[in-house]
Structure formats: C-alpha cells, structure tokens
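Q: Listed here are the chains, written in short residue letters.
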Amino acid sequence: MKTFCIIPAYNEEKNISQVIAKVKPLVDEIVIVDDGSIDKTYELAKSAGITILHHIINRGQGAALATGNQYALANGAGIIIHFDADGQFLAEEIKDVIAPLRSGQADIVFGSRFLGKKSNMPRFKKYVIIPLAHLANRIIIGKTLTDPQSGFRALTRTGAKKIKIEQDGMAHNSEIIFQAFNNKLRITEVPITVIYHNFGQRLGGGLKIIKDLILARLIN
Amino acid sequence: MLQQVLALIIIAFFLARLFWQKQKKQINANEFIFWLIFWLLAAAAIITLKWIDKIVDKLGFSGSGIDILLYVAIIILFYLIFRLRLRLVKIEKDITKIVRSIAIKK
Chain A
1 MKTFCIIPAY
11 NEEKNISQVI
21 AKVKPLVDEI
31 VIVDDGSIDK
41 TYELAKSAGI
51 TILHHIINRG
61 QGAALATGNQ
71 YALANGAGII
81 IHFDADGQFL
91 AEEIKDVIAP
101 LRSGQADIVF
111 GSRFLGKKSN
121 MPRFKKYVII
131 PLAHLANRII
141 IGKTLTDPQS
151 GFRALTRTGA
161 KKIKIEQDGM
171 AHNSEIIFQA
181 FNNKLRITEV
191 PITVIYHNFG
201 QRLGGGLKII
211 KDLILARLIN
Chain B
1 MLQQVLALII
11 IAFFLARLFW
21 QKQKKQINAN
31 EFIFWLIFWL
41 LAAAAIITLK
51 WIDKIVDKLG
61 FSGSGIDILL
71 YVAIIILFYL
81 IFRLRLRLVK
91 IEKDITKIVR
101 SIAIKK
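In order, the protein sequence lines correspond to chains A and B.
FYI, this note's numbering numbers position 168 of the first sequence as 168, with every residue one higher than the one before it.
FYI, this note's numbering numbers position 50 of the second sequence as 50, with every residue one higher than the one before it.
Just so you know, these hints were derived from the structure itself, not from any lab.
One or more of the hints may lead you astray.
As the list claims (entries may be wrong) - Each computed DSS-like pair below joins lysine-lysine, with the alpha-carbon atoms no more than 27 Å apart: (1) 40(A) <-> 22(A); (2) 161(A) <-> 97(B); (3) 24(A) <-> 105(B); (4) 164(A) <-> 93(B); (5) 143(A) <-> 93(B); (6) 50(B) <-> 161(A); (7) 40(A) <-> 105(B); (8) 126(A) <-> 211(A); (9) 97(B) <-> 40(A).
Said to hold, decoys possible - What follows is a set of in silico ranges between Cβ atoms, one per label pair, in the way DEER data are often shown: (10) 30(B) <-> 24(A): 51 to 59 Å; (11) 102(B) <-> 196(A): 27 to 35 Å; (12) 208(A) <-> 83(B): 16 to 24 Å; (13) 164(A) <-> 19(B): 16 to 24 Å; (14) 102(B) <-> 43(A): 35 to 43 Å; (15) 56(A) <-> 15(B): 40 to 48 Å; (16) 103(A) <-> 78(B): 52 to 60 Å; (17) 93(B) <-> 117(A): 31 to 39 Å; (18) 161(A) <-> 90(B): 19 to 27 Å; (19) 93(B) <-> 26(A): 27 to 35 Å.
Computed from a prediction, not measured in an experiment: that's the story for all the values here.
Ideal placement from N, C-alpha and C gives every residue a C-beta, glycine not left out.
Take the sequences, apply the hints, and build the full model.
A: Spelled out as structure tokens, the structure:
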C-alpha cells in the first residue's frame, strides 16, 4: 500500500524544510500543497525535490487538503496521511496513526491530543476553546470525538474516496468527522503529541468555523 | 401628496436608468425583469397608499401603510442579502475548483 503524506502549507518557510526532512523517509510520497504562500515556502519545498502542488491564490487549509487528496487518489495512494507544516506534530507518530489502517481495523484514524500523551497545550485552549469546539460539533454536526479539531489523521483509499472536503477554511476538521460518521466509516482514535510553537486557532477563528458549519448546514 | 410625487419622481429616475442599462446591455434579461417589477410595484404601492392604509388598518396593524411598506422593504432586503451570500459561497467554491485544477495540472 502506497502511503501519501499531504502537507498543506501557507507561509511556513520557517518550518517546511525541517518537516519535509523528517516526514520524507517515513512515507512513499510526500505532497506539499503550497496554498498561495507569499514567502519562500514554495521555493524551499521545491528544492527538496518532492511533489509540490501550487495553489496560485490562498484558498484555505481545507481546500489544500482536498487538492492533495485528489492528487493522491489519482496517483494510486493506498493510505493518505494529513499532516501539518508548522512542525507541531511528530513525524515518528505517523506509524502509530496508520497502524490501524494497515491492519485493516479502520478506514479512518484521527490523532487525538486527549488520549494520554502529553501536550503542552495552552490553558485557555484546553479549558475554553476545546470544550466550545466539542459543544459546536455536538450541536451542529451531531457528533464529536475525544479531539474535536484534530488535524493529524490518516485515511485508507476507500475512506478518502468517501470524504468530500467542501469546507475550504478550517471547518474541514469537523466536516471530516461528520462525513466519517455519515458514511459509516470505521473510525479509530490514536493518541498523539502536539508541540505548541504558537497558539494556533484562536477564539475568533473558532467562531468562523462555527459560522462556516452553520452556513453549510443551511445550504446543503 | 408632495411626498408621493417626489417618491414617484425618484422611481421614474431609477426606471429610466434601468432602461438605459438594458439598452447598453449592462444587465441581463432576468435582472432587468426583476428590477422592473420591483420598481413598478413600488410605484403602485405609492399610488395606492390610501388604499393600503385601509387594508393595513383592517388587518389590525397599528402603523400606517407607509410603515408597513418599510417593514416589508427590510424583509426583502434581508432576503436579498441572504441570496447574495449564497451566491458568494458558490463563487468561492468555483474559484477553489479552478485553483485546484491549475495546481494538479502543473
């Protein structure tokens, strides 16, 4: 089974080379989706001699992941991994995340920051934003996992074909959980570590996610 | 009475603009018909304002006809904004599709 690692990157010149170097030996193909970066992300990724898909304008992380998925499926991916370009996930945990897929126990695996492994999560995030995200997931999409907004996940080919990421922005995290349940995929959660270099999604970003999810429910 | 005449003059101005835009082919047929009906209805409402006052009164509203027209106008505005938002979402999705296809073809 060919493993593809999709890494959406938007202005990540500081971390991209390091992330590529760490992930490259662990997967069959690494695909950077440069989401219209205005820094040197594209040049740096290109010099690493890997597959790079270039969004000519910024369309959001969800859109970049969907581009990566489409490319990976067209190029014979057996397993697709979604990874972040900012260096907050550990490359060595990729094998743990894809293990349930390799053994055929799951169609989709979500990395969870709340299953025992230690993360240096900022308090405000842990006690305010994350509980709010759980609540939003429950109310708007009706489902939630131990980690409501996990960006580290892996899918089998069958799983990836059934998940259609329509949310261009950050609401894709909830959207993928929703579609995984809706398509009755076999879901597993695996503990992961997250190293916070920066705060990540703030309250304002969280509210935008909620708005996007509600709008999507109204339209679809 | 003077107010009604003023309102009708303003509507006549917008109608004239509408026909002018149509002649210059700046708007399509659907859009033209929508605004034509919109302004004609507005003119009709102003001409029959006394009559609307009576209907509104019979329906049990405390305000006068012009108040009710204002409420209706705001409801219509909200509806139009909602439609505009839906259109924007669709355009955003289309842009993403184009950007994606360019990214994958390269």
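Q: Compare the structure with each hint and give your call.
A: Tested hints:
Between residue 40(A) and residue 22(A) the CA atoms are separated by roughly 19 Å; this keeps the pair inside 27 Å, and the hint holds. Taken as a hint, the residue 161(A) and residue 97(B) pair is honoured in the structure, with Cα atoms around 17 Å apart against an allowance of 27 Å. With a C-alpha separation of about 23 Å, the suggested pair residue 24(A) and residue 105(B) falls inside the 27 Å cut-off, and the hint holds. With a CA separation close to 13 Å, the supplied pair residue 164(A) and residue 93(B) stays within the 27 Å bound.
Between the alpha carbons of residue 143(A) and residue 93(B) the distance comes to roughly 25 Å, so the proposed pair stays at or under 27 Å and holds. For a cut-off of 27 Å, the pair hint linking residue 50(B) to residue 161(A) is broken: about 63 Å separates their Cα positions. Distance restraint check for residue 40(A) and residue 105(B): the Cα-Cα separation of roughly 22 Å lies within the 27 Å cut-off, and the hinted pair is therefore satisfied. Of the pairs offered as hints, the one joining residue 126(A) and residue 211(A) holds, with about 21 Å between alpha carbons and a cut-off of 27 Å not exceeded.
Between the alpha carbons of residue 97(B) and residue 40(A) the distance comes to roughly 24 Å, so the proposed pair stays at or under 27 Å and holds. Between residue 30(B) and residue 24(A) the beta carbons are some 53 Å apart, a value that agrees with the proposed interval 51 to 59 Å. Distance hint check for residue 102(B) and residue 196(A): the Cβ-Cβ separation is about 34 Å, which falls inside the suggested range of 27 to 35 Å. Under the hint 16 to 24 Å, the C-beta atoms of residue 208(A) and residue 83(B), about 22 Å apart, fit the expected range.
Here the CB-CB span from residue 164(A) to residue 19(B) is close to 45 Å, at odds with the stated 16 to 24 Å. In this structure the hint that residue 102(B) and residue 43(A) lie 35 to 43 Å apart at CB is violated, the actual value being about 19 Å. In this structure the supplied range 40 to 48 Å holds for residue 56(A) paired with residue 15(B), their Cβ-Cβ distance being about 43 Å. Evaluation of the 52 to 60 Å hint for residue 103(A) and residue 78(B) yields a pass: the beta carbon distance comes to about 54 Å.
Against the hinted window of 31 to 39 Å, the Cβ-Cβ separation of residue 93(B) and residue 117(A) comes to about 37 Å, which satisfies the hint. Taken as a hint, the range 19 to 27 Å holds for the pair residue 161(A) and residue 90(B), whose Cβ atoms sit roughly 24 Å apart. Checked against the hint of 27 to 35 Å, the C-beta distance between residue 93(B) and residue 26(A) comes to roughly 34 Å, which is consistent with it.
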